[in-house]
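Let's have the full structure, built from the sequences with the hints guiding it.
Those protein sequences? They're chains A and B, same order as listed. With my numbering, the residue at position 17 of the first sequence is 17, and numbering never jumps. With my numbering, the residue at position 345 of the second sequence is 345, and numbering never jumps.
Read the hints as simulated data drawn from the structure, not as lab findings. All values reported here derive from a predicted model rather than from experimental measurement. Be a bit skeptical, because a hint or two may be false.
Claimed, not checked - Keeping only pairs whose Cα atoms sit at most 30 Å apart, straight-line, the calculated BS3-like set for lysine-lysine is: (1) B:K153 <-> A:K27; (2) B:K204 <-> B:K142; (3) B:K153 <-> B:K220; (4) B:K153 <-> A:K23; (5) B:K249 <-> B:K220.
Each chain is listed here by its residues.
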Amino acid sequence: MIMSRALIVCIGNDLVADDGVGKAVYKELELSCLPSGTRLSYLGLGGIDLLEELDGEDRLVVVDAVQLGSAPGTVHILDWAGLPYMEPRPVSGHGIGIREAIEVGRRLYPERSPQHIHLVGIEGKCFDQLGQGLTPEVETAVPSAVAAVLRLLD
Amino acid sequence: MAKTIKIDPVTRIEGHARILLECDDAGKVEEAFFCVNELRGFERILVGMEASTLPQVTARICGVCPTAHHLVAAKALDNAAGVEPPLAAKLLREFMYMGHVIHSHALSLFVLAGPDLVFGLDGAAATQNIVGMVDAEPELTKKGLRLRSLGQKINETIGGRGIHPVTAVAGGISFKLSDAQFARLQELTAEAVILSSELAGKTKGLLFALFDKNPILLEKLNVPSWYMGTVKGGKLNLYDGDLRIMDEKGAIQGEFTSDMYRDYLVERAVAKSYAKEVYINHGGAEHMYRVSTLARMNVVDGLETPLAQAEFELFRQNFGRPCHNAVIQMYAKIIELIYACEKAHELINNPALRGETRVPATFKGGRGVAHIEAPRGTLIHDYEIDEKGIVRAANMIIATQQNTAAINKSLKEGANNLMKEGTDELMLNALEFVVRCYDPCLACSTHAIGRMALEVEMQHNGKTIRHIRRS
Chain A
1 MIMSRALIVC IGNDLVADDG VGKAVYKELE LSCLPSGTRL SYLGLGGIDL
51 LEELDGEDRL VVVDAVQLGS APGTVHILDW AGLPYMEPRP VSGHGIGIRE
101 AIEVGRRLYP ERSPQHIHLV GIEGKCFDQL GQGLTPEVET AVPSAVAAVL
151 RLLD
Chain B
1 MAKTIKIDPV TRIEGHARIL LECDDAGKVE EAFFCVNELR GFERILVGME
51 ASTLPQVTAR ICGVCPTAHH LVAAKALDNA AGVEPPLAAK LLREFMYMGH
101 VIHSHALSLF VLAGPDLVFG LDGAAATQNI VGMVDAEPEL TKKGLRLRSL
151 GQKINETIGG RGIHPVTAVA GGISFKLSDA QFARLQELTA EAVILSSELA
201 GKTKGLLFAL FDKNPILLEK LNVPSWYMGT VKGGKLNLYD GDLRIMDEKG
251 AIQGEFTSDM YRDYLVERAV AKSYAKEVYI NHGGAEHMYR VSTLARMNVV
301 DGLETPLAQA EFELFRQNFG RPCHNAVIQM YAKIIELIYA CEKAHELINN
351 PALRGETRVP ATFKGGRGVA HIEAPRGTLI HDYEIDEKGI VRAANMIIAT
401 QQNTAAINKS LKEGANNLMK EGTDELMLNA LEFVVRCYDP CLACSTHAIG
451 RMALEVEMQH NGKTIRHIRR S
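Dropping the structure here:
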């Protein structure tokens with residue numbers, strides 16, 4: 001039997017408060033026992049660079065801080081249908097989100113694009129302070145985000 | 001006892017772009033302000049650091065143009081230490097830099113500005129993004145993204161990392177090419193040259209079609225200004241050379257090394273934006289000026305590489321010298337993209353690239369100034385370093401800051417001419433289009449999934465009369 005392969009991409013700038021939660025989850029996952037055929041990678045920024053990470057895996061799990069209006073520390077598990085849209089005409093490269101990157105990938109590189117996509121989004125509280133680490137609410141959510149990622153890989 | 005000083009709002013971090021328009025009684029825009037909040041606190045953060053860390057630390061200023069900061073910091077340290085890096089080091093740094101420029105220009109042209117080219121200014125906004133562009137122009141987008149990726153691979157191989165490179169140091173570069181890397185890079189640059197010329201024709205066609213459909217772009221977005229850019233022997237050079245300034249009539253008004261910048265440029269704090277504005281100080285007057293690709297195409301006499309030179313000649317025939325129209329910046333970027341690909345290919349095939357890459361560098365106390373042509377325009381780093389190698393003072397002049405006055409003027413023109421009776425959506429499209437012509441570097445702090453939409457506020461006598469943002 002051919003094992004289905006999975007890719008976990010954790011995104012976030014660990015210099016910027018709760019944006020660093022992707023990096024915190026990445027560090028925990030590095031120490032975890034991942035199912036065989038799983039590749040773990042870290043990106044400072046998502047966007048178009050996410051395309052470069054795709055290598056024909058069947059399943060993609062993206063971990064990132066989100067601002068969806070819930071209580072800080074809430075762990076959202078969103079499937080493809082639930083992924084938010086970004087603004088239509090971005091002024092900077094940061095306006096390109098997971099959905100846009102994957103839609104580009106599916107059209108241009110179908111052979112490298114995953115079938116199953118989930119976002120594990122950790123609701124952040126603070127995104128404008130440098131070098132102060134995660135807020136307590138978000139820090140507390142790291143183990144449940146890690147658990148959510150591992151459940152999605154089962 | 002520890003004291004907490006709270007600064008609220010945090011004004012040095014970019015959250016979203018904001019345009020402020022001040023109108024008269026008749027609703028005509030009198031003043032426009034593009035409010036940019038660059039992360040300029042870095043100049044203070046650097047004080048007290050070990051100078052040798054500057055290339056790595058300053059690269060962190062920006063995730064969009066880290067290689068420009070990384071290399072200009074290393075060049076300023078060469079100057080502070082009074083050393084000249086070996087030839088191979090200079091060539092490798094320039095090669096890394098061409099990778100960065102390819103990456104940056106390809107992103108700007110095919111991902112950010114691309115939808116404007118493909119869909120024009122009045123299409124349905126929902127489809128006008130990179131995804132819609134893939135549907136409309138799959139081959140163009142695929143090649144554009146491939147070119148971006150080739151640039152990133154060059155940057156990553158030489159710089160050690162794709163974003164925030166680490167290899168350039170005072171006195172050279174801590175990297176040597178392996179045989180395998182050498183062969184691989186020769187293949188990649190050959191592919192880049194072919195891709196860039198294939199893309200140039202198609203992109204130019206789209207741009208000219210946009211002008212035909214919207215003649216107002218060529219007629220109304222002319223903003224006369226002075227220009228500054230780097231030349232070496234009169235030709236374009238992005239990594240090294242002298243700074244040349246040109247007045248709005250096209251006369252060259254000076255050429256100087258970057259350590260003289262204080263004699264030519266004045267920085268000024270302004271009320272409406274957190275970025276300082278910069279003016280050229282010449283003949284007893286202050287002149288608004290622009291940097292970036294259009295400025296470079298205006299100040300240079302020509303380009304070193306054949307395909308780029310041929311395109312440059314067409315550009316000059318069509319748009320003259322100087323060309324004052326910000327919209328033509330996209331054409332200028334196509335020429336520079338071809339140049340960067342050709343230059344990268346030339347550099348990797350230069351046998352001198354494989355010599356010694358580093359000389360010892362120590363700091364005896366003094367100043368180090370250097371500049372580089374960042375994708376968005378001239379970038380200057382200026383450091384005071386003491387005899388122990390500690391940074392005592394730092395100043396940086398950044399591209400977007402130099403262009404702010406011209407962006408404001410273009411927005412004013414754009415606002416008065418492009419959006420008279422338009423809907424909110426058309427107005428946002430038009431003003432965003434103007435902003436994107438300058439490709440401003442908005443300091444990166446967060447990319448969390450959420451909105452970073454442009455916001456337009458119209459004021460009359462200090463009161464907000466119209467406030468627009470996409471819902």
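Now for the hints, and whether the structure bears them out:
1. B:K153 <-> A:K27: holds, 26 Å
2. B:K204 <-> B:K142: holds, 17 Å
3. B:K153 <-> B:K220: Distance of about 40 Å is beyond 30 Å: violated.
4. B:K153 <-> A:K23: Within the cut-off at roughly 23 Å; holds.
5. B:K249 <-> B:K220: Within the cut-off at roughly 18 Å; holds.
Comparing the model with each earlier hint shows a violation of hint 3 alone; every other hint is respected.
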